[in-house]
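Taking the hints into account, I'd like the entire structure generated from these sequences.
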Amino acid sequence: MATPKGKVSKARRDSRRSAHWKLSVPGITKCPHCQKMKLSHRVCKNCGYYDGKEVVKTEEVAK
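Counting from 1 along the sequence shown, just add 262 to a position and that's the residue number in the working numbering.
In short, the hints are calculated from the structure, not lab data. This one's a predicted model, so the numbers in the text were calculated from it and none came from an experiment. In this text, a Cβ means the ideal position worked out from N, Cα and C, and glycines have one as well. Check before you lean on any hint, since a few could be wrong.
Computed spacing ranges between beta-carbons, pair by pair [as the list claims (entries may be wrong)]: (1) Met263 - Thr291: 46 to 56 Å; (2) Pro266 - Val318: 53 to 63 Å; (3) Gly314 - Pro288: 17 to 27 Å.
As structure tokens, this is what we get:
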């Protein structure tokens with residue numbers, strides 16, 4: 263049976279395990295139509311535009 267050649271320190275052990283729980287920040291960009299912040303590659307919740315075209319009708323635009 264294989265045995266470890268030396269003791270693995272707590273720091274080395276824990277740093278190896280820490281990589282499994284990394285969180286990434288979502289990509290947030292400005293909407294080119296209304297200049298509000300939105301998630302990239304998604305329809306803007308404020309104005310309803312995506313890729314320069316109105317995809318979803320919103321009450322604010324209708325007024």
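To see whether the hints hold, each was checked on the structure:
Between Met263 and Thr291 the Cβ separation comes to about 54 Å, which falls inside the hinted range of 46 to 56 Å. Judged by the Cβ atoms, the range 53 to 63 Å given for Pro266 and Val318 holds: they are separated by roughly 58 Å. For Gly314 paired with Pro288, a C-beta distance near 22 Å keeps the hint of 17 to 27 Å intact.
The structure agrees with every numbered hint stated previously.
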